[in-house]
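In the order they appear, the protein sequences are chains A and B. Under our numbering, the first residue of the first sequence carries the number 165, and numbering increases by one thereafter. Under our numbering, the first residue of the second sequence carries the number 165, and numbering increases by one thereafter.
Don't read these hints as lab results, they were simulated from the structure. No residue lacks a Cβ here, since even glycine has one placed at the ideal position from N, Cα and C. There could be a bad hint or two in this list.
[What the hints assert, rightly or not] 20 Å max Cα-Cα, derived SDA-like pairs, lysine to any residue:
{"no.": "1", "chain 1": "B", "residue 1": "Lys335", "chain 2": "B", "residue 2": "Tyr314"}
{"no.": "2", "chain 1": "A", "residue 1": "Lys504", "chain 2": "B", "residue 2": "Pro472"}
{"no.": "3", "chain 1": "B", "residue 1": "Lys504", "chain 2": "A", "residue 2": "Gln456"}
{"no.": "4", "chain 1": "B", "residue 1": "Lys335", "chain 2": "B", "residue 2": "Gly313"}
{"no.": "5", "chain 1": "B", "residue 1": "Lys504", "chain 2": "A", "residue 2": "Lys187"}
{"no.": "6", "chain 1": "A", "residue 1": "Lys187", "chain 2": "A", "residue 2": "Gly224"}
{"no.": "7", "chain 1": "B", "residue 1": "Lys504", "chain 2": "A", "residue 2": "Gly461"}
{"no.": "8", "chain 1": "B", "residue 1": "Lys187", "chain 2": "B", "residue 2": "Gly224"}
{"no.": "9", "chain 1": "A", "residue 1": "Lys187", "chain 2": "A", "residue 2": "Met238"}
{"no.": "10", "chain 1": "B", "residue 1": "Lys335", "chain 2": "B", "residue 2": "Lys504"}
{"no.": "11", "chain 1": "B", "residue 1": "Lys187", "chain 2": "A", "residue 2": "Arg473"}
{"no.": "12", "chain 1": "A", "residue 1": "Lys335", "chain 2": "A", "residue 2": "Leu345"}
{"no.": "13", "chain 1": "B", "residue 1": "Lys187", "chain 2": "B", "residue 2": "Gly503"}
{"no.": "14", "chain 1": "A", "residue 1": "Lys504", "chain 2": "B", "residue 2": "Asp458"}
{"no.": "15", "chain 1": "A", "residue 1": "Lys335", "chain 2": "A", "residue 2": "Glu318"}
{"no.": "16", "chain 1": "B", "residue 1": "Lys504", "chain 2": "A", "residue 2": "Arg463"}
{"no.": "17", "chain 1": "A", "residue 1": "Lys504", "chain 2": "B", "residue 2": "Arg473"}
{"no.": "18", "chain 1": "A", "residue 1": "Lys187", "chain 2": "B", "residue 2": "Gly224"}
{"no.": "19", "chain 1": "A", "residue 1": "Lys187", "chain 2": "A", "residue 2": "Pro273"}
{"no.": "20", "chain 1": "B", "residue 1": "Lys504", "chain 2": "B", "residue 2": "Gly489"}
{"no.": "21", "chain 1": "B", "residue 1": "Lys335", "chain 2": "B", "residue 2": "Asp308"}
{"no.": "22", "chain 1": "B", "residue 1": "Lys504", "chain 2": "A", "residue 2": "Arg473"}
{"no.": "23", "chain 1": "B", "residue 1": "Lys504", "chain 2": "A", "residue 2": "Asp458"}
[Unchecked claim] If you only want the chain A side, here are some residues facing chain B, beta carbon under 7 Å, derived:
{"no.": "24", "residue": "Asp458"}
{"no.": "25", "residue": "Asp460"}
{"no.": "26", "residue": "Ala476"}
{"no.": "27", "residue": "Val484"}
{"no.": "28", "residue": "Val486"}
{"no.": "29", "residue": "Glu490"}
{"no.": "30", "residue": "Val491"}
{"no.": "31", "residue": "Leu492"}
{"no.": "32", "residue": "Arg501"}
{"no.": "33", "residue": "Gly507"}
[As the list claims (entries may be wrong)] One-sided excerpt, in silico: chain A residues whose CB lies under 8 Å from chain B:
{"no.": "34", "residue": "Thr495"}
{"no.": "35", "residue": "Val502"}
{"no.": "36", "residue": "Gly503"}
In case you want the letters, here they are:
There are 2 protein chains.
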Amino acid sequence: MTTIHPVILCGGSGTRLWPLSRKARPKPFLPLVGEGTLFEQALRRVAPGEGFAAPMVVAGAAHAGLILDQLGEMPGARLVVEPCARNTAPAIALAAALLPPDAVMLVCPSDHHIADPQAFRAAAQAAAELALQDYLVSFGIAPDRPETGYGYIERGAPLAGGFAIARFVEKPDLARAQEYLASGRFSWNGGIFAFRAGHLLEELTAHRPDMARLVREAVAGGEAQGARFLPAHEPFAAIAGDSIDYAVMENTARAAMVPANMGWSDIGNWAALADALADGADAAGNLARGGQVDLDGCRGVFALTDGPRISAVGLEDVCVIVSGGEVLVTTRAGAQRVGKLPGASGQ
Amino acid sequence: MTTIHPVILCGGSGTRLWPLSRKARPKPFLPLVGEGTLFEQALRRVAPGEGFAAPMVVAGAAHAGLILDQLGEMPGARLVVEPCARNTAPAIALAAALLPPDAVMLVCPSDHHIADPQAFRAAAQAAAELALQDYLVSFGIAPDRPETGYGYIERGAPLAGGFAIARFVEKPDLARAQEYLASGRFSWNGGIFAFRAGHLLEELTAHRPDMARLVREAVAGGEAQGARFLPAHEPFAAIAGDSIDYAVMENTARAAMVPANMGWSDIGNWAALADALADGADAAGNLARGGQVDLDGCRGVFALTDGPRISAVGLEDVCVIVSGGEVLVTTRAGAQRVGKLPGASGQ
Chain A
165 MTTIHPVILC GGSGTRLWPL SRKARPKPFL PLVGEGTLFE QALRRVAPGE
215 GFAAPMVVAG AAHAGLILDQ LGEMPGARLV VEPCARNTAP AIALAAALLP
265 PDAVMLVCPS DHHIADPQAF RAAAQAAAEL ALQDYLVSFG IAPDRPETGY
315 GYIERGAPLA GGFAIARFVE KPDLARAQEY LASGRFSWNG GIFAFRAGHL
365 LEELTAHRPD MARLVREAVA GGEAQGARFL PAHEPFAAIA GDSIDYAVME
415 NTARAAMVPA NMGWSDIGNW AALADALADG ADAAGNLARG GQVDLDGCRG
465 VFALTDGPRI SAVGLEDVCV IVSGGEVLVT TRAGAQRVGK LPGASGQ
Chain B
165 MTTIHPVILC GGSGTRLWPL SRKARPKPFL PLVGEGTLFE QALRRVAPGE
215 GFAAPMVVAG AAHAGLILDQ LGEMPGARLV VEPCARNTAP AIALAAALLP
265 PDAVMLVCPS DHHIADPQAF RAAAQAAAEL ALQDYLVSFG IAPDRPETGY
315 GYIERGAPLA GGFAIARFVE KPDLARAQEY LASGRFSWNG GIFAFRAGHL
365 LEELTAHRPD MARLVREAVA GGEAQGARFL PAHEPFAAIA GDSIDYAVME
415 NTARAAMVPA NMGWSDIGNW AALADALADG ADAAGNLARG GQVDLDGCRG
465 VFALTDGPRI SAVGLEDVCV IVSGGEVLVT TRAGAQRVGK LPGASGQ
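Same shape as in the complex, but just chain A (with noise of 0.2 Å):
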């Protein structure tokens, strides 16, 4: 068994379930679906002891205490904190250059629910030793619909324990995205990486040398404080900001996936967080959290309170979302444009 060093990413800027989450309090940090929150589930995944080293965390200043105190118990974990927010690109190079060369990076994302943490790891495993033989392994999900909003990956060539990559396609219109889900050739790329750290920092400096450099001059220049490393400000800001597909994955020649069918959801939305809590519901789809909601000839509600009665009449296929003092009412359908509401963005 490969031993992995599970890397988990806390960005994001909290407005794709707003009103619940909030810049102070982003997606990573609220119990949605399952025990405790997004964070703490991601962190049980990789526990030590089942092929895991002790994970490191990369996030920004703003949440390093409360991930602190998660991470207190697990000896050697440690915390990468960003000096500002440049995408994922270099936040993963941040925690490469500060694990040795021959560790196997396990890259995760703390906001998408799992459902099945066990098959998660075999796909973890699957994909370390394709990283020990150079590939970036990236998890394809199967498609259960022509979702417009992810990235996908067509499968090539079949290696050990999954395939060779053939394209990246990013966010594809309707029309691509059917003909997609029909093929049974495509996965969703789902946000959760493997590779050698040594070898990813080899792909960036080819494909985004001054990223490469830049990163290297925020480790040489940082400081470590206990738990927390704390990368030089200058070089860091000095990087233009881009997503590990776009910097790396979309321009090696050594991509492949393994398949992860692990009951993935990225939560992406209210509509998803409704689907993903889709066994609570009754016998017509509605769904209450939080405190009274009172449905009378409703069916696909989900009604979420932090305190104020819901009431409703005859609404079919919508949330209805009372947090802090901010009441949002959408349909499932109209959910993906929530981040962009006054209130959503102007948080």
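Dock chain B against chain A, hints included.
Okay, now just chain B, sitting in the frame of chain A:
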């Protein structure tokens, strides 16, 4: 011009526009449409000097203070305080017993909206003429939809300024309501009545002798305190409550109606209020009141808040009401059922 004695009824339990209307502040005392509260508008419509004597208001003790404040400026205005709620027939009979027998009284609910007060006053004069000929006159509203929540009046033989009433029909089913609408012979019973005070009491004595006797006892044993009249509690409480429609109008041989085309609405629920306010809606039929409301891709939404921001995405024909720490979301079609919600009935 016949002098008309306005009798304004302030009853109702305040559930239909919950959570804005409450027992402590029911519909007549809310500013909903136009200037001031519905009660203030009801007073203004019958302002003394345009053929109207000073008004008499019949209301429960809970709202006596509020009403007296508003009556203070009107010489001769009186408030009859119902000892308890016994529906409209006893309330109207109290007023009748306190007026001279030959006074023409005009009974007006205080929780309706009338867009055209001039048409109202013209109909009142026509009704008064019929009342002087000992008709019990109901205002007939031309129906514009097959409403199943109202009483209907079928027109009979023409009279000067109105029609005899062939029959009353209470809350028909949809098929019959559609038939009535198509026939052109039916009007809604608007709950506005005119009769000679003495004649009303004679008819009540004929059809509800016990009620008439107990009302007389309540008045004989009552007490005037300034502008207030307090009927005796015991006989009034002993009355079997009933509506004026059931107790008198449906039994008399002298029922008449005057057509009143005056932009009437009983604002019977949130959808009716949205309709009454429709002039203020935007091009998509959305209407916001009271605070910040952000809508994205909504049509026919009525949003009203007493503070918290309302944000909505993708809704169609939905009312979102935030008031007094309660959140109500109802389809327009479901608005009639709001009064049955636990919040509305349990306040």
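To see whether the hints hold, each was checked on the structure:
Distance check on the hinted pair: Lys335/B and Tyr314/B sit about 5 Å apart at the alpha-carbon level, within 20 Å; holds. This hinted pair checks out: Lys504/A and Pro472/B have alpha carbons roughly 19 Å apart, not beyond 20 Å. Of the pairs offered as hints, the one joining Lys504/B and Gln456/A holds, with about 16 Å between alpha carbons and a cut-off of 20 Å not exceeded. For the proposed pair Lys335/B and Gly313/B, the alpha carbon gap of about 5 Å is at most 20 Å, so the pair holds.
Simply put, Lys504/B and Lys187/A have alpha-carbon atoms about 39 Å apart, too far for the 20 Å limit, and the pair is violated. Annotation: proposed proximity of Lys187/A to Gly224/A holds, straight-line Cα distance about 11 Å (limit 20 Å). Between Lys504/B and Gly461/A, the direct Cα distance comes to roughly 12 Å. Compliance with the 20 Å bound is thereby established for this hinted pair. Distance hint between Lys187/B and Gly224/B is fulfilled; the C-alpha atoms sit about 11 Å from each other, no more than 20 Å.
Between Lys187/A and Met238/A, the direct Cα distance comes to roughly 26 Å. Violation of the 20 Å bound is thereby established for this hinted pair. Under the criterion of a C-alpha separation no larger than 20 Å, the hint pairing Lys335/B with Lys504/B is consistent with the structure, at around 18 Å. For the suggested pair Lys187/B and Arg473/A, the alpha carbons sit about 18 Å apart, so the restraint of at most 20 Å is met. For the hint linking Lys335/A to Leu345/A, the alpha-carbon distance of about 13 Å falls within 20 Å, and the restraint holds.
Only pairs whose Cα atoms come within 20 Å are accepted, and Lys187/B paired with Gly503/B is accepted, the gap being roughly 12 Å. Simply put, Lys504/A and Asp458/B have alpha-carbon atoms about 11 Å apart, close enough for the 20 Å limit, and the pair holds. Pair hint Lys335/A plus Glu318/A holds up; C-alpha atoms about 13 Å apart against a cutoff of 20 Å. Proximity of Lys504/B to Arg463/A is assessed by CA-CA distance (about 18 Å); at most 20 Å being required, the pair is judged to hold.
Distance hint between Lys504/A and Arg473/B is fulfilled; the C-alpha atoms sit about 15 Å from each other, no more than 20 Å. Among the hinted pairs, Lys187/A with Gly224/B is inconsistent with the structure: their alpha-carbon atoms are about 51 Å apart, more than 20 Å. In summary, the hint linking Lys187/A to Pro273/A is supported, as the alpha carbons are separated by about 17 Å, within the 20 Å threshold. A hinted pair counts as satisfied when its Cα atoms are at most 20 Å apart, and Lys504/B with Gly489/B qualifies at roughly 18 Å.
The hinted pair formed by Lys335/B and Asp308/B meets the criterion: a straight-line CA distance of about 15 Å does not exceed 20 Å. The straight-line distance between the Cα atoms of Lys504/B and Arg473/A is roughly 15 Å, inside the 20 Å bound, and the hint therefore holds. Only pairs whose Cα atoms come within 20 Å are accepted, and Lys504/B paired with Asp458/A is accepted, the gap being roughly 11 Å. This hint holds: Asp458/A has a C-beta 5 Å from the nearest C-beta of chain B, less than the 7 Å allowed.
At a threshold of 7 Å, the smallest CB-CB gap from Asp460/A to chain B is about 6 Å, leaving the interface hint in force. Taking 7 Å as the C-beta contact cut-off toward chain B, the hint placing Ala476/A at the interface holds, the least distance being around 5 Å. For Val484/A, the interface hint holds, since its Cβ comes within 7 Å of a Cβ in chain B; the closest pair sits about 5 Å apart. Evaluation of the Val486/A hint against chain B yields a held restraint, the C-beta minimum of about 5 Å falling below 7 Å.
A distance limit of 7 Å between C-beta atoms decides the matter here; for Glu490/A the minimum to chain B is near 6 Å, and the interface restraint holds. Taking 7 Å as the C-beta cut-off, the interface hint given for Val491/A holds, the closest approach to chain B being about 5 Å. Checking Leu492/A against chain B by beta carbon gives a least distance of about 5 Å; that is within 7 Å, so the hint holds. Hint status for Arg501/A: holds, given a least beta-carbon distance of 5 Å to chain B, under 7 Å.
A cut of 7 Å between beta carbons decides the hint on Gly507/A: the least distance to chain B is about 5 Å, and the hint holds. Below 8 Å, beta-carbon pairs count as interface contacts, and Thr495/A has one with chain B at about 4 Å; its hint therefore holds. With 8 Å as the threshold, the beta carbon of Val502/A comes within range of chain B, its nearest partner Cβ sitting at about 6 Å, so the hint holds. Interface hint at Gly503/A: violated, since its Cβ lies 10 Å from the closest Cβ of chain B, which is beyond the 8 Å cut-off.
Hints 5, 9, 18 and 36 from the list above are not met by this structure, while the remaining hints are.
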